[in-house]
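A.B. asks: Please arrange chains B, C and D on chain A, whose structure you already have, making use of the hints.
Protein chains in written order, with the UniProt record's numbering: chain A, 1 to 434; chain B, 1 to 434; chain C, 1 to 434; chain D, 1 to 434.
Just to be clear, a hint being listed does not mean it is correct.
Just so you know, same-sequence chains aren't split out, so a pair can sit in one copy or run between any two.
Lysine-lysine pairs mimicking DSS-like chemistry, simulated, CA-CA at most 27 Å apart [to be verified]:
id, residue 1, residue 2
1, LYS118, LYS346
2, LYS42, LYS367
3, LYS42, LYS54
4, LYS118, LYS176
5, LYS422, LYS42
6, LYS203, LYS118
7, LYS422, LYS203
8, LYS336, LYS70
9, LYS203, LYS168
10, LYS429, LYS203
11, LYS404, LYS429
12, LYS47, LYS367
Don't read these hints as lab results, they were simulated from the structure. Bear in mind that the values here come from a model prediction, so they are computed numbers and not experimental data.
Residues per chain are reported as follows:
There are 4 protein chains.
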Amino acid sequence: MIPRYSRPDMVSIWSPETKFRIWFEIEAHATTALADLGVVPKEAAQKVWDEGSKAVFDIERIDEIEREVKHDVIAFLTHLSEIVGPEARFVHQGMTSSDVLDTCLSIQMARAADLLLKDLDGLLAAIKRRAYEHKTTPTIGRSHGIHAEPTTFGIKLAQAYAEFDRCKQRLEAARKEIATCAISGAVGTFANIDPAVEEYVAKQMGLTPEPVSTQVIPRDRHAMFFATLGVIASSVERLATEIRHLQRTEVLEAEEYFSAGQKGSSAMPHKRNPVLTENLTGLARLVRGYVTPALENVALWHERDISHSSVERMIGPDATIVLDFALARLTSVVDKLLVYPENMQKNLDLLGGLVHSQRVLLALTQKGVSREDSYRLVQRNAMPVWRGEGDFLTLLKEDPDVSKALTAEEIEACFNLDYHFKHVDTIFKRVFGE
Amino acid sequence: MIPRYSRPDMVSIWSPETKFRIWFEIEAHATTALADLGVVPKEAAQKVWDEGSKAVFDIERIDEIEREVKHDVIAFLTHLSEIVGPEARFVHQGMTSSDVLDTCLSIQMARAADLLLKDLDGLLAAIKRRAYEHKTTPTIGRSHGIHAEPTTFGIKLAQAYAEFDRCKQRLEAARKEIATCAISGAVGTFANIDPAVEEYVAKQMGLTPEPVSTQVIPRDRHAMFFATLGVIASSVERLATEIRHLQRTEVLEAEEYFSAGQKGSSAMPHKRNPVLTENLTGLARLVRGYVTPALENVALWHERDISHSSVERMIGPDATIVLDFALARLTSVVDKLLVYPENMQKNLDLLGGLVHSQRVLLALTQKGVSREDSYRLVQRNAMPVWRGEGDFLTLLKEDPDVSKALTAEEIEACFNLDYHFKHVDTIFKRVFGE
Amino acid sequence: MIPRYSRPDMVSIWSPETKFRIWFEIEAHATTALADLGVVPKEAAQKVWDEGSKAVFDIERIDEIEREVKHDVIAFLTHLSEIVGPEARFVHQGMTSSDVLDTCLSIQMARAADLLLKDLDGLLAAIKRRAYEHKTTPTIGRSHGIHAEPTTFGIKLAQAYAEFDRCKQRLEAARKEIATCAISGAVGTFANIDPAVEEYVAKQMGLTPEPVSTQVIPRDRHAMFFATLGVIASSVERLATEIRHLQRTEVLEAEEYFSAGQKGSSAMPHKRNPVLTENLTGLARLVRGYVTPALENVALWHERDISHSSVERMIGPDATIVLDFALARLTSVVDKLLVYPENMQKNLDLLGGLVHSQRVLLALTQKGVSREDSYRLVQRNAMPVWRGEGDFLTLLKEDPDVSKALTAEEIEACFNLDYHFKHVDTIFKRVFGE
Amino acid sequence: MIPRYSRPDMVSIWSPETKFRIWFEIEAHATTALADLGVVPKEAAQKVWDEGSKAVFDIERIDEIEREVKHDVIAFLTHLSEIVGPEARFVHQGMTSSDVLDTCLSIQMARAADLLLKDLDGLLAAIKRRAYEHKTTPTIGRSHGIHAEPTTFGIKLAQAYAEFDRCKQRLEAARKEIATCAISGAVGTFANIDPAVEEYVAKQMGLTPEPVSTQVIPRDRHAMFFATLGVIASSVERLATEIRHLQRTEVLEAEEYFSAGQKGSSAMPHKRNPVLTENLTGLARLVRGYVTPALENVALWHERDISHSSVERMIGPDATIVLDFALARLTSVVDKLLVYPENMQKNLDLLGGLVHSQRVLLALTQKGVSREDSYRLVQRNAMPVWRGEGDFLTLLKEDPDVSKALTAEEIEACFNLDYHFKHVDTIFKRVFGE
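For reference, chain A alone in the conformation it holds in the complex (with noise of 0.2 Å):
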């Protein structure tokens, strides 16, 4: 992933370093084992952690020995026996490269993961902090682009909290499904070594044993991983939606934070634009976009392939670094963001009370007027109001069949906005809790 979308704490995960330092506490808790076992001396499992433990892996002379025998894992290995010595033989015994490259993989997504979630604990506390600040502040919820009813601005906070709050469960549950180490040789069946070696190892690294793997641990288990972070960008890509349209020109209830020495355009200078959450919203497809690839590789072919490798080599950094990249951003642009209550006012008296004709509507069904009767006259009061000749508030007390059923003050009454807000506590209570 380039510079531009990446964090540091993220980037580290993938780094070589951190990749060989993994490696060798795999290795080194394998031989630790072993030796528990018998299979190999204790004192030679010692001096691997001794000498190990001290050591920095020298990453070009890996890749020098790579580039020779065309093997990663051999080429660490050998490397190691320059650090450790001659005890190094007993390292990897009985053990494949896959249980090593496997292993390590599961541990960098499960870390990945662990930077997500407070990634996702970020969002969701810079969300309910302005949830709460513009719990009770008006405006007009909009289906299809169009005025509907008036909600509150916190609201429309909460339901990203509870979906955010919903991304964080996935998360959750796939990196629980993630976190699972394979020491199981060529094939899985452990006929070079004992099931107790992955069980300790699995401990040691904060792993479950993969229950029965074939070299490889089942890439079923990584699909659902990129799935997850694809529904989770998705997530992003609704909340940055939202509010790019609350920044347009003709709505502008909401900007992203513009600082002093920021440009807009080169050309037009007055211009702010929401190029944040237009980014999340490019970043969403890129998360998106690795989602089938990892569909892809859970069929490989017999006990392993190693198609899958290269597309993991791409997306497992790739993507989460992209997906916290584009979750820090989102929580800045939700902390920073300047709210205008009044424009959302000025936009809720737009329709000239329009907005209200689904109450209008209910009043009148309720005084015994049929659905479809009632139907009608809000209709022909609402249709003047929309070609803007009129007031609907007006025009519904002049309309001698309105006023059959409903007084001027029931009629008033459909136009209180206090009436759409009784519930957002019972909502709040939902989604917060509290």
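C.D. replies: Then chains B, C and D, alone, in the frame of chain A:
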């Protein structure tokens, strides 16, 4: 979905009859709840139940009304009023169309999930039966399509079992997520309807209330559902691909059941093609193809737009019907799979013992030969075998450097298959819990 | 595809009737070619044409046979022999089922492309008509959803025209690619059939011979076809999205035609929702969703496997039927689109002249003010306007630094709309060639 | 894209150095055109060329400015003015950032296409060479992974040649589509810049003017480009999959070249795995994964939003770099592929002549036996062979019903391989034109 890939139970979930019956139940339960709240007369609610329960909804009549009013829920309500009489005006009070549509979709998706879960149970049972049947049937494990080390056909199937068991858990989670009820009005504020109605209907219909809806149930739930189906389909593809490989002419370790009257090809009567599993591969592509549209459905505009609807009208039925068909077909394939242990043994012997090279390598290192030297010793005896110039066991015994480290008996011990199967019980216990 | 999104002409291309008729024609032409080569009797070929041409194929009978023999082409040939009599044994000589199936699919896809090309012609005509109608209707151009500079509604439509004209050219190329004929036998070697038969049938059916087939026509051709449909669908989504934006309550520069009897919402009778273009957005997602399965179909195993078949049975009809429907619907939307030039003017004036800031900037630099200074001058007068604290023209005239560079007349000239429209003719000439 | 899958020429197209050089050329050509129009002084335009041509753009300095102004084109122009001096104020007159950015992207994509076309030429040459080498090398053709009829390895490769030749034509079309130039101002009206500037720059940079742009070049062009790459990647996967199959232990008709020093596995030294073609399978998934984001980029809002940008920053380089690498790798694999004709013959003989059953069937029908009877005769002799209970030729000769129709010589003639290869020349002539 075309009849060729459809089974009646799943199809019926998506029929107009089922849909209108669910609509009726939602509306009628809501009317009962409104009556309990004193908003509408109890007698009216009773009348709705009485008349509606015994009525058969006339789909052609509803279609006819819809062609006129261009609105499906209004068309249904109009028809309902034809059935119930004037009391029907109390139905749908304070509700919006999506309250009915979205809650109905939740119910249909939950019922579809129930069928798929039942399918998975059937598939798991079939896999388990065959896994135990072939628990110790030796077969070659293959990585990269190349012989690796021995495994058993039962372990192959145990892997499939574990994978589909995970699929089941994922689907249970997705089912739980999708089974929500929204009766919250035009923008989700409960302005015109008490939240108690939603709670009542949810309970009656076996759903949980949607914490915060916005006319619609948020589409991240549906996205997660379809993404989960995409993962399951990919697992179907994996097992199907395995069987296709096993049925290849040169491999022929297993075959799809071939009925007496079946013709494999109009031109080549001897051919027995794995057409069912090839078909499953294609069906998996279809189900995967529905994931991205579902993800794109998440970012609706503001409180809702209706772009998701056409997508769901198609992929709701298509994804669940195809996957139901695929799971049933796969179950049948597994159930009736012709397994040829003798061919498995023949293939195991194909490489003249080369598949035991890893064991020889390990035996050498355990005798103190360095990893690098062991590797070279094994490789120089393996390559002639590969070229068809000898038998691995014989060559090893004749190699003086090998003989320095290993006795003839020790070399022969490396060629014993049982060595590979000593942990089959462990694996089966992990997977099947018994 | 469900009837809701289907039109009869496209549906009929994919009907069993059409399919069997095409099968018959392929078989009958091939028999004629075989007769010309002296392989089968001329009278037999004539009998096949005579009986088959006047026959109505009994689809239920063919289905019945297929249930027995489990092979569709054999079922058809058996039925054909029931119609033609013993001479039918000369039909299909040396051919393989795929010769018929794949060539038939080519014909169906080519015919589907012809309908879609006709759809595009209709859409282009509608766009062109409306583009000329609104060639000089001023409207604000928006980047990032923010007002940028004036343009005309005609230019917007000219862009759409150019885009769909490109789509047409792409589809013509895809149609040409897909229109091939393969009659080459079980693995494409023409072992049992002379290449002259393929050439003859190709010519009769309006196809070109597939240079090298392998029982099947290579699926990269089909992939390119569906990928092209995916691009066209995305262009449909673009224009649909534009209209959805224009119909937003706050913008309201255009609206989908709203028939008298139509109800927008059961709850809010004043609402006129852009449901057709929202629907088109969803349909675009569907068509895009078919691209990846088509791409996954390319890598068939060896000479062929049949995994592509189930995919094509679905996406062949679905993609073409949905896109046909979508293009027709979009044509109708464009054709009847309600355009509100007065609202366009109102929105143009919304920012108090800020949209002319780029021109002022340019005027300043042309008078020798540095780009940086010009930018600052424009920005310091623009920001108060943005905050609703004044009118841009007035503020600029009152700014002493601006006045140093520009006279009042020169400033006013920057606010003249015609300035922006001087190249409309150029653009129209480029797009429409006239 | 990570270095592992990158080649320097393609990487350099996407480097900041190349980008800024192209930006400079666009700006400088535009300034020349403006000077020709008399809008800016000719000396200024000359000064821009003189200073800019010899300058090395300081990427760190540009980045530093961008961090301050948060706008990449302004940062570049500021740096350019540091190089050129005060005359730099005449640069970018009437232009908008996207004029530079989008035209630059067109140039980069066109250059990337040129490299990919060169790659395809290399691949086609390698395939052609091997195709002629194995024009008449007999091998079994397989449908459904099951032996069908004989073909030649040259015909297999001819198919691949024809497929990649189509890919080349598609890429040429996509390259032509993408190579457009837009210098049309903030919303594409040429309000502040004469269309002659666009025409001039287009000509100088080898592009065609975009007929109607809207600040940006319409993204359907880019979508078509990436969709085309997705199709090519799928064809890469097809040939890679073929080779993976051929290298399977049981098949072993071909192998990827295996260098002396290469280790196939840390555990199984005899293994020679098709890791290059497995890798290509994964890379194909990656390139396919970029198609949908590109399709989603088409529907920008109004005249433009910037959501496409982050997507293109990633997939522009990633898709072209990966595909360049994949095509080069595939070329090398084909070029050095180890082909084993003797194993092909061994596999051909595997079924005891069953692959000739279609010919026997045909011979029977040509002697007047009905299709159904012929089928039954062939099938009853084929089934014992399939079960390993005899040799097809012998059984046929011993079958009295067969003998009634065919002499021993006629039966034997059905087993002659040359029969299948009589049209190899025809196929080669069609594919290679010679």
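A.B. asks: Take the hints in turn and mark each one as holding or not.
C.D. replies: How the hints compare with the structure:
For the homomeric pair LYS118 and LYS346, neither the shortest alpha-carbon distance inside one copy (38 Å) nor that between copies (47 Å) is at most 27 Å. Proximity of LYS42 to LYS367 under the C-alpha cut-off of 27 Å is restricted to the inter-copy arrangement: shortest distance 17 Å between copies versus 89 Å within a copy. Proximity of LYS42 and LYS54 under a CA criterion of 27 Å is satisfied intra-copy only: 19 Å inside one chain copy versus 66 Å between copies. Within a single copy, LYS118 and LYS176 get their C-alpha atoms as close as 15 Å, and across copies as close as 25 Å, so both meet the 27 Å cut-off.
Taking the closest pair of Cα atoms, LYS422 and LYS42 come within 27 Å of each other only across two copies (25 Å); inside a single copy the shortest separation is 71 Å, beyond that limit. With identical chains, the CA atoms of LYS203 and LYS118 are at most 27 Å apart within one copy only, with a shortest distance of 23 Å there and 34 Å across copies. Proximity of LYS422 to LYS203 under the C-alpha cut-off of 27 Å is restricted to the inter-copy arrangement: shortest distance 23 Å between copies versus 52 Å within a copy. When the C-alpha separation of LYS336 and LYS70 is checked against a cutoff of 27 Å, the pair qualifies only between copies, where the shortest distance is 18 Å, while the shortest distance within a copy is 50 Å.
Taking the closest pair of Cα atoms, LYS203 and LYS168 come within 27 Å of each other both inside a single copy (25 Å) and across two copies (26 Å). When the C-alpha separation of LYS429 and LYS203 is checked against a cutoff of 27 Å, the pair qualifies only between copies, where the shortest distance is 19 Å, while the shortest distance within a copy is 39 Å. Taking the shortest Cα distances, LYS404 and LYS429 never come within 27 Å of each other, neither inside one copy (41 Å) nor across copies (61 Å). Taking the closest pair of Cα atoms, LYS47 and LYS367 come within 27 Å of each other only across two copies (20 Å); inside a single copy the shortest separation is 89 Å, beyond that limit.
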